[in-house]
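Enquirer: First to last, the sequence lines map onto chains W and U. First residue of the first sequence: 2, per the working numbering; consecutive thereafter. First residue of the second sequence: 2, per the working numbering; consecutive thereafter.
Hints may be right or wrong, so weigh each one.
Identical chains blur together in the list; that is why a pair holds if it fits in one copy or across any two.
[Claimed, not checked] Straight-line distance between alpha carbons at most 35 Å, and here's what the computed DSBU-like set of lysine-lysine pairs gives:
hint, residue 1, residue 2
1, K3, K108
2, K11, K154
3, K11, K37
4, K108, K37
5, K108, K154
Keep in mind the hints are simulated off the structure, nothing from the lab.
2 protein chains.
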Amino acid sequence: MKTHDITYMKLALSAAREAASNGEVPVGAVIVAAGKIVGSGYNRREERQNPLGHAEIMAIEEASRQLGSWRLDTCDIYVTLEPCLMCTGAILQARMRRLVFGCLDPKAGAVESLYRLCEDQRLNHQLPVTSGVLARESAATLADFFSHLREQKRQPKAERWPSPVEGA
Amino acid sequence: MKTHDITYMKLALSAAREAASNGEVPVGAVIVAAGKIVGSGYNRREERQNPLGHAEIMAIEEASRQLGSWRLDTCDIYVTLEPCLMCTGAILQARMRRLVFGCLDPKAGAVESLYRLCEDQRLNHQLPVTSGVLARESAATLADFFSHLREQKRQPKAERWPSPVEGA
Numbered sequence: 002m003k004t005h006d007i008t009y010m011k012l013a014l015s016a017a018r019e020a021a022s023n024g025e026v027p028v029g030a031v032i033v034a035a036g037k038i039v040g041s042g043y044n045r046r047e048e049r050q051n052p053l054g055h056a057e058i059m060a061i062e063e064a065s066r067q068l069g070s071w072r073l074d075t076c077d078i079y080v081t082l083e084p085c086l087m088c089t090g091a092i093l094q095a096r097m098r099r100l101v102f103g104c105l106d107p108k109a110g111a112v113e114s115l116y117r118l119c120e121d122q123r124l125n126h127q128l129p130v131t132s133g134v135l136a137r138e139s140a141a142t143l144a145d146f147f148s149h150l151r152e153q154k155r156q157p158k159a160e161r162w163p164s165p166v167e168g169a
Numbered sequence: 002m003k004t005h006d007i008t009y010m011k012l013a014l015s016a017a018r019e020a021a022s023n024g025e026v027p028v029g030a031v032i033v034a035a036g037k038i039v040g041s042g043y044n045r046r047e048e049r050q051n052p053l054g055h056a057e058i059m060a061i062e063e064a065s066r067q068l069g070s071w072r073l074d075t076c077d078i079y080v081t082l083e084p085c086l087m088c089t090g091a092i093l094q095a096r097m098r099r100l101v102f103g104c105l106d107p108k109a110g111a112v113e114s115l116y117r118l119c120e121d122q123r124l125n126h127q128l129p130v131t132s133g134v135l136a137r138e139s140a141a142t143l144a145d146f147f148s149h150l151r152e153q154k155r156q157p158k159a160e161r162w163p164s165p166v167e168g169a
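Could you build all of it, start to finish, from the sequences and the hints given here?
Expert: Right, dumping it as structure tokens:
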């Protein structure tokens, strides 16, 4: 772990909380080049109704726009949750320099959990990975979101949304 | 193989040729829902300087915009080249119904060559795959592109671009 990892992961966590406040699964990402944030994003799949709406994809879009290049080989990406296949694939396509993530995703993670794509020597790019940075905070943000969601589902409808009669 | 597979793959091949005419590696994709094209795309990585600029990503973007949903579970995708990790991941994220592709990509393909992601039972989606549809035509389009590129590189610069003096 590097000294600034906590700082950047805190920014990724802020982005994740932005997603939660929009009712989206809270995952956040930031991209750093030469000590400067060049991209950030949070999960917006529902809002945008777009399967590509993951935090990492949003951040990569912004970074490549900012740097004017598809090749982000001077960039490090910080993500609160272990990236999925699509996002790890995008990180490899962008030839990113380093990946730092928070908590594991045992059901979909493609970096340590289900696959270890960043170290596959058959691919034309590999990159070093640091995992577990602010893992507890990242996992707690997700757990809070899902427990809140379950609670909402348990409550009868009338308690959540007053009917027109009750509300009058 | 289904009867209309050739028809849709021909459209994907036309899209791939569009990429070639822009100087991009020729890969094309179309997405079909209920017999209608709802998305299409071709490789635009260099033009857009965006690592996400693959044909499949362009087509998925368009289809989810057209259908107003991130869930493309009524959609079949036709791609001239075996999808990479990022694109196969995106196809899985979109819960697509079926994947049809042309030729294999032995160096980066994530459907049959390096990985077999569409049949991984640990993931929350699997989908049937038909490969080899117009494979020869798809591979020839790629081979032509790369041989043309190599030829250009072999020629001395003066032959390719007349110098200001020669052109005057």
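Enquirer: If you check each hint against the structure, which ones fail?
Expert: none
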